[in-house]
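Its first residue numbered 7, the sequence shown is counted upward by one per residue in this note's numbering.
Bear in mind the hints are in silico, worked out from the structure with no lab data behind them. You may find that some hints are simply not true.
What the hints assert, rightly or not - DSBU-like, lysine-lysine: derived pairs with alpha carbons at most 35 angstroms apart:
id, residue 1, residue 2
1, Lys107, Lys91
2, Lys113, Lys99
3, Lys91, Lys112
4, Lys113, Lys32
5, Lys87, Lys107
6, Lys112, Lys87
7, Lys101, Lys91
8, Lys101, Lys112
9, Lys91, Lys113
10, Lys87, Lys101
11, Lys32, Lys107
12, Lys32, Lys87
13, Lys91, Lys109
On a predicted model such as this, the values are computed, not experimentally measured, just so you know.
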Amino acid sequence: MIHITGTIFAILTFLIIGLFHPLVIKTEYYFGTRPWWLFLLGGIACIVMSLLESNEHVSILLGVLGASFLWSIGELFAQEKRVLKGWFPMNPKRKEHYELKRKENKKNREN
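From just these sequences and the hints, can you work out the full model?
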């Protein structure tokens, strides 16, 4: 007998992670790193719900979603660094923020 549950969860996990990649990029572009706490709240909420969920399949998906939210906090700050390196486009409306960050980084390297 073939068991496809693992494959289904692998595909769903891949899709969830794949959705968070552009979410992090767009969040940093429009809002910077300020909404990191929303990712934290989303992650905690999903993990708590996964612990309380009686359906094992839903619990697994909530756990994956919660872990993706929490992992995205670090990725949000890493995305800002990638923008500062010029690897991703910066939001021209937030140009002052990036210039200030570049000055801070330069100052920290000098010390």
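Here is what the structure says about each hint:
Between lysine 107 and lysine 91 the CA atoms are separated by roughly 11 angstroms; this keeps the pair inside 35 angstroms, and the hint holds. Distance restraint check for lysine 113 and lysine 99: the Cα-Cα separation of roughly 24 angstroms lies within the 35 angstroms cut-off, and the hinted pair is therefore satisfied. Between lysine 91 and lysine 112, the direct Cα distance comes to roughly 12 angstroms. Compliance with the 35 angstroms bound is thereby established for this hinted pair. A hinted pair counts as satisfied when its Cα atoms are at most 35 angstroms apart, and lysine 113 with lysine 32 qualifies at roughly 28 angstroms.
Between lysine 87 and lysine 107 the CA atoms are separated by roughly 9 angstroms; this keeps the pair inside 35 angstroms, and the hint holds. Taken as a hint, the lysine 112 and lysine 87 pair is honoured in the structure, with Cα atoms around 13 angstroms apart against an allowance of 35 angstroms. Distance hint between lysine 101 and lysine 91 is fulfilled; the C-alpha atoms sit about 14 angstroms from each other, no more than 35 angstroms. For the proposed pair lysine 101 and lysine 112, the alpha carbon gap of about 17 angstroms is at most 35 angstroms, so the pair holds.
Of the supplied pair hints, the one linking lysine 91 and lysine 113 holds, its CA atoms being roughly 16 angstroms apart against a limit of 35 angstroms. Proposed proximity of lysine 87 and lysine 101 is supported: the alpha carbons are some 14 angstroms apart, at most 35 angstroms. The straight-line distance between the Cα atoms of lysine 32 and lysine 107 is roughly 19 angstroms, inside the 35 angstroms bound, and the hint therefore holds. For the proposed pair lysine 32 and lysine 87, the alpha carbon gap of about 14 angstroms is at most 35 angstroms, so the pair holds.
A distance of roughly 13 angstroms separates the Cα atoms of lysine 91 and lysine 109; the hinted pair therefore holds under the 35 angstroms criterion.
Every hint from the earlier list agrees with this structure, and none is contradicted.
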